[in-house]
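Produce the complete structure using the sequences and hints provided.
Chains A and B, in that order, are what the protein sequence lines are.
Just so you know, we're using full-length UniProt numbering here: the first sequence kicks off at 1 and counts up by one.
Just so you know, we're using full-length UniProt numbering here: the second sequence kicks off at 1 and counts up by one.
Just so you know, these hints were derived from the structure itself, not from any lab.
C-beta atoms are modelled at their ideal positions from N, C-alpha and C, and glycine is treated no differently.
Keep in mind that the hints are not guaranteed to be accurate.
[Said to hold, decoys possible] Cut-off 16 Å, straight-line C-alpha distance, at most; resulting in silico cross-link-like pairs (EDC-like, lysine to aspartate or glutamate):
1. B/LYS100 with B/GLU41
2. A/LYS75 with B/ASP168
3. A/LYS75 with B/GLU180
4. B/LYS100 with A/ASP229
5. A/LYS96 with A/ASP148
6. A/LYS14 with A/ASP229
[Said to hold, decoys possible] Short derived list, chain A residues pointing at chain B, Cβ under 10 Å:
7. LEU54
8. VAL79
9. ALA80
10. PHE83
11. TRP110
12. ALA167
13. ASP213
14. ILE348
15. ALA349
16. GLY351
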Amino acid sequence: MSGHGLVLRNICKKFGSTNVIRNLSLNVIPGEFLTLLGPSGCGKSTLLRIIAGLELQDEGSIAIGGREVDGLRPKLRDVAMVFQSYALYPHMSVAKNLAIPLLMRRLCAWQRIPVFGALLPGTASRKSEIIEEVARVAKSIGISHLLDRKPRQLSGGQRQRVAVGRAMVRHPAVFLMDEPLSNLDAKLRVQMRAEIKELHQRLGVTFIYVTHDQVEAMTLSDRVAVMLDGELVQVAPPQEIYANPHDRRVAEFVGSPKINMIDVNVCGGRLAEIGGQVLPSELTIGQGTLTVGIRPEAFHLASSGEPNSISAAVRLVEHMGSDLFLHLDLTGVPDPIIARLPAASGHIAPGNRLHLRIRTEQLLLFSENGQRLKQQASVTPLREYAR
Amino acid sequence: MKHCRLSFRTLGRHGFLAITTAFVIVPFIWMVSLSLKPPEEIFQASFSLLPQSWHATQNYIRAMTASPLPRFMLNGVFICAVIVVFQILICAPIAYALAKLRFPGRHVFFNLVLVSLLIPSQVLALPLFILAYQLGLLNTYAALVFPFVVSPLGIFLFRQFFNTISDDIVHAARLDGMSEFTIVWRIMLPMAVPALIAFSIFSVVGHWNDLFWPLIAVRSQELMPPPLGLMAFKNEDTGIDYGPLMAGSTIVVAPLVLVFLLAQRWFIEGLTSGGIK
Ligand SMILES: Nc1ncnc2c1ncn2[C@@H]1O[C@H](COP(=O)(O)OP(=O)(O)O)[C@@H](O)[C@H]1O
Ligand SMILES: [Mg+2]
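What follows is the structure, encoded as structure tokens:
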């Protein structure tokens with residue numbers, strides 16, 4: 001079994017006068033795990049509903065597996081969806097919830113009529129077939145013992161599994177998941193995350209997964225599509241999104257703790273300064289300000305007086321087990337910055353002064369309008385420039 | 001001090017409720033009481049709840065035999081059942097459309113429903129009578145049923161309840177391959193059981209007790225629902241024989257009281273959780 005690819009071309013959607021999706025295009029590779037990552041309200045769910053056919057786009061077209069599906073009803077699009085609220089049918093048992101998609105597809109309208117339908121030829125054999133399939137799916141996701149219960153008798157994690165099971169039973173070519181883990185507690189979320197990843201590897205079909213949680217996006221995805229205000233800002237593998245963001249907003253949205261953004265002045269295309277250090281050397285902009293993004297882990301400890309090091313005052317130390325998060329004051333930088341050092345960095349207490357170096361290959365430069373500048377930055381001591 | 005005042009207030013509240021309840025319940029108790037008494041006692045100056053000489057058996061036997069009361073009751077059951085089934089069949093899809101489908105003019109439609117809630121059914125009696133006459137329905141069961149098959153109250157109650165059901169459920173059902181009608185019957189209505197029961201009680205009580213429209217619509221005794229039958233019965237046979245008449249009335253209201261007591265929990269839930277909130 002393999003999934004279908006998906007092509008979205010110039011999708012636009014308005015609710016009243018608000019533009020929720022703006023001219024969005026996206027190519028999903030067959031079998032890939034693609035995450036739509038973005039803050040609440042940026043239109044992720046709307047886009048997913050448009051793909052599923054539950055909402056109609058105002059403009060643009062969608063093809064699933066090479067077939068245009070714009071006029072097709074949700075049922076005919078060969079996609080299944082797991083909802084944030086799970087959307088289980090509360091009055092039906094788990095077994096019935098799982099069986100519904102199959103009953104609706106394999107039995108004709110007459111056969112589905114209670115009592116009367118059971119008398120028609122073929123109903124019984126198809127129904128027992130469906131019951132078997134439901135049992136098989138239930139077993140594969142570990143909910144066999146829950147089949148007789150009603151959804152309200154299940155815990156959050158169990159409901160989530162049933163919702164996934166209901167999507168699985170009919171072997172869709174594309175799985176759509178709308179924040180399926182957001183109603184679970186932290187521990188369960190980590191466990192279910194692994195299960196979803198495993199499910200994807202096992203089924204090998206295309207997954208489009210919506211989340212506002214960047215950790216989920218980074219851990220699960222083959223590719224991440226970062227969505228902001230109804231537009232895709234960048235679509236790339238997680239490492240790429242992290243290391244090489246195209247836009248300031250992407251850099252700020254991805255990564256925890258958040259990337260440090262420092263505004264610097266550029267003089268004559270050469271000079272910019274952080275904490276007494278000058279960077280970078282070859283900028284195309286002549287004059288004005290730009291923003292330097294420094295990931296917390298781009299800092300490392302230096303001994304005092306080491307060339308190219310900057311000195312910082314420690315405000316706060318957070319012990320995270322394997323790491324230390326340091327909140328630091330740099331001279332000339334208004335906001336505190338956060339550095340992430342290995343826990344074995346020695347005893348560091350608030351009030352200490354540290355010498356840090358920056359791994360310059362990890363510096364990210366952004367122009368005033370948020371565009372990424374591709375120039376390499378380097379940190380050079382001010383003194384050298386003064387010469 | 002505080003405790004005192006609190007219990008005083010509770011007392012006052014209960015007292016008020018007791019008095020208002022008494023207004024409603026006293027006639028019922030009186031009716032039952034009269035149905036147990038012989039004619040001499042009914043017009044006695046002194047009032048007592050229980051009769052001195054029991055006359056219950058005679059009254060009830062006479063009520064059941066002197067008029068076709070069983071027939072009236074069966075008519076009532078049949079008419080109410082047909083009305084409520086049609087009402088649900090018609091109101092549920094309309095309510096679903098108003099609650100969950102987006103189409104131009106749906107607010108206008110819903111407002112029309114609200115307006116028609118305000119129109120007393122008597123206002124429409126004459127046009128309905130003429131319509132029934134034109135269709136040749138007068139003096140048939142159909143005449144008793146057709147004015148009520150579309151119920152604004154039903155549409156309103158169901159629509160309010162369906163509104164509380166999340167869109168995700170509807171979306172999931174569509175993805176699972178259900179048609180819109182299947183969604184109504186298989187998902188929405190089973191989820192709205194409290195509203196369904198509340199509405200059914202409203203409907204059944206209303207039409208079981210209805211006197212006005214049957215009085216206009218039918219003449220032959222075989223078609224009469226209980227209240228109309230009782231009235232005819234009083235005029236023709238008993239004159240002023242109140243004992244059997246009250247016995248007949250008691251028999252007519254008993255099923256309603258019984259059903260309400262059984263379904264009370266859902267009735268209240270249906271009105272409070274989905275409806276008038
Ligand atoms: N049916 C609707 N009618 C009007 N506005 C809507 C509707 N659905 C969503 N919106 C609006 O569209 C925007 C995006 O919503 P949504 O797609 O749910 O965002 P997300 O899933 O990213 O949090 C929100 O501002 C929301 O208020
Ligand atoms: Mg959402």
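These are the hints, each one checked on the structure:
1. Only pairs whose Cα atoms come within 16 Å are accepted, and B/LYS100 paired with B/GLU41 is rejected, the gap being roughly 61 Å.
2. For the hint linking A/LYS75 to B/ASP168, the alpha-carbon distance of about 15 Å falls within 16 Å, and the restraint holds.
3. For the given pair, A/LYS75 sits about 12 Å from B/GLU180 by alpha-carbon distance, which is consistent with the 16 Å threshold.
4. Restraint check: the Cα-Cα separation between B/LYS100 and A/ASP229 comes to about 27 Å, which exceeds 16 Å; the hinted pair is violated.
5. For the suggested pair A/LYS96 and A/ASP148, the alpha carbons sit about 9 Å apart, so the restraint of at most 16 Å is met.
6. For the hint linking A/LYS14 to A/ASP229, the alpha-carbon distance of about 12 Å falls within 16 Å, and the restraint holds.
7. About 5 Å separates the beta-carbon of A/LEU54 from the nearest beta-carbon of chain B, less than 10 Å, and the hint is met.
8. Annotation: interface hint on A/VAL79 holds; nearest CB of chain B at approximately 7 Å, less than 10 Å.
9. Taking 10 Å as the C-beta contact cut-off toward chain B, the hint placing A/ALA80 at the interface holds, the least distance being around 6 Å.
10. The closest approach between the C-beta of A/PHE83 and any C-beta of chain B is roughly 4 Å, which is under the 10 Å cut-off, so the hint is satisfied.
11. The interface hint given for A/TRP110 is broken, as the beta carbon of that residue sits about 13 Å from the closest beta carbon of chain B, more than 10 Å.
12. The interface hint given for A/ALA167 is met, as the beta carbon of that residue sits about 9 Å from the closest beta carbon of chain B, less than 10 Å.
13. The beta carbon of A/ASP213 is not positioned within 10 Å of any beta carbon in chain B (closest approach about 19 Å), and the interface hint is therefore violated.
14. Proximity of A/ILE348 to chain B is violated relative to the hint, the smallest CB-CB distance being about 49 Å (cut-off 10 Å).
15. Of the supplied interface hints, the one on A/ALA349 is violated, with its beta-carbon coming no nearer than about 51 Å to a beta-carbon of chain B, more than 10 Å.
16. Contact between A/GLY351 and chain B, as hinted, is not supported at the beta carbon level, the nearest pair being about 52 Å apart and thus beyond 10 Å.
Violated hints for the displayed structure, listed by number in ascending order: 1, 4, 11, 13, 14, 15 and 16.
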